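S.K.: Please construct the entire structure, taking both the sequences and the accompanying hints into account.
Residues 431 to 685 (my numbering) are what the sequence shown spells out, left to right.
No lab work stands behind these hints: they were computed from the structure. Each hint should be verified, as a subset may be incorrect.
[Unchecked claim] Computed cross-link-like contacts, DMTMM-like style, restricted to lysine to aspartate or glutamate with a CA-CA straight-line distance of at most 25 Å: (1) Lys573 with Asp550; (2) Lys573 with Asp608; (3) Lys573 with Glu510; (4) Lys573 with Asp602; (5) Lys573 with Asp541; (6) Lys573 with Asp622; (7) Lys455 with Glu561; (8) Lys573 with Asp629; (9) Lys436 with Asp465; (10) Lys436 with Asp622; (11) Lys436 with Asp493; (12) Lys498 with Glu462; (13) Lys436 with Asp620; (14) Lys498 with Asp465; (15) Lys573 with Glu561.
Fair warning: this is a prediction, and the values are worked out from it, not measured in the lab.
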Amino acid sequence: MTPVAKPIWTYPTPLTEVRLVGRRKRFFADVEAPDGRAFAVHCANPGRMTSCGAPGSRARISDSGNPKRTLRWSLEQVAETDAWVMVHTARTNPVVEALVAAGRVPGVPADAPRRREAADGAGHRFDLLVEPEDAPRLWIEVKNVTWRVGDEARFPDAVTARGRRHLEGLADRVALGDRALLVFYVGRGDVDRVRPAEDVDPAYAAALRHAVEAGVEVVALAGRVTAAGLDATGTLPVVLGATPPIPGGGPPDVP
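M.R.: In structure tokens, the structure reads:
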């Protein structure tokens, strides 16, 4: 049997598998351990987690090791059918930065200096700024994608004014002579393309198309999600055409 390659980013402690009971107040989730013990965990995901938050789903949680923290455990992954979905949005940037450093994000120099949470001086802050010596600066914004509709991933799963402002800011950087890149990290392995969720946030879909027309580059990374850690298997096409209607209507609000 061929050994599975170690993921480019690994969890600091082993994950624990539980059953997801439900989600409440967006940043809380109730889970049940194999021994029947029920408790709340932190859910670091501001979206709706549509298609990957059904009660009764298998889930994986991490232990902060800090008993003084309000919620010691965090929700990391949820299983939808045969796919594990990475739902902890704070993991996305470290994974993408590791892929950048390994030269595995198309168009991004691996050996150039990088800065995290870089401010552009115009009120925007972006996840990464890459500063090659002999090329324009490259501003990078990273988005975690979890929602699946059929064979495609869609973003966002909730209205995101902040995401729209990021797109506008990236377009502004291009107009000033820099490069700008939007990276979708698709934290699941059961989709073959990415599309803006026009039914959910038409303003974001329009802003994305405008940004691309203005010269903003877009890359979608196909995530590899395991209990050991996170990686990418390559890239996925990003489809900017009209979004087909969602079967059965749009995603429900989180109570």
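S.K.: If a hint holds in the structure, say so; if it doesn't, say that too.
M.R.: Against the structure, the hints come out as follows:
{"no.": "1", "hint": "Lys573 with Asp550", "result": "holds, 19 Å"}
{"no.": "2", "hint": "Lys573 with Asp608", "result": "holds, 20 Å"}
{"no.": "3", "hint": "Lys573 with Glu510", "result": "holds, 20 Å"}
{"no.": "4", "hint": "Lys573 with Asp602", "result": "holds, 19 Å"}
{"no.": "5", "hint": "Lys573 with Asp541", "result": "holds, 23 Å"}
{"no.": "6", "hint": "Lys573 with Asp622", "result": "holds, 17 Å"}
{"no.": "7", "hint": "Lys455 with Glu561", "result": "violated, 40 Å"}
{"no.": "8", "hint": "Lys573 with Asp629", "result": "holds, 18 Å"}
{"no.": "9", "hint": "Lys436 with Asp465", "result": "violated, 30 Å"}
{"no.": "10", "hint": "Lys436 with Asp622", "result": "holds, 23 Å"}
{"no.": "11", "hint": "Lys436 with Asp493", "result": "holds, 21 Å"}
{"no.": "12", "hint": "Lys498 with Glu462", "result": "holds, 21 Å"}
{"no.": "13", "hint": "Lys436 with Asp620", "result": "holds, 20 Å"}
{"no.": "14", "hint": "Lys498 with Asp465", "result": "holds, 23 Å"}
{"no.": "15", "hint": "Lys573 with Glu561", "result": "holds, 21 Å"}
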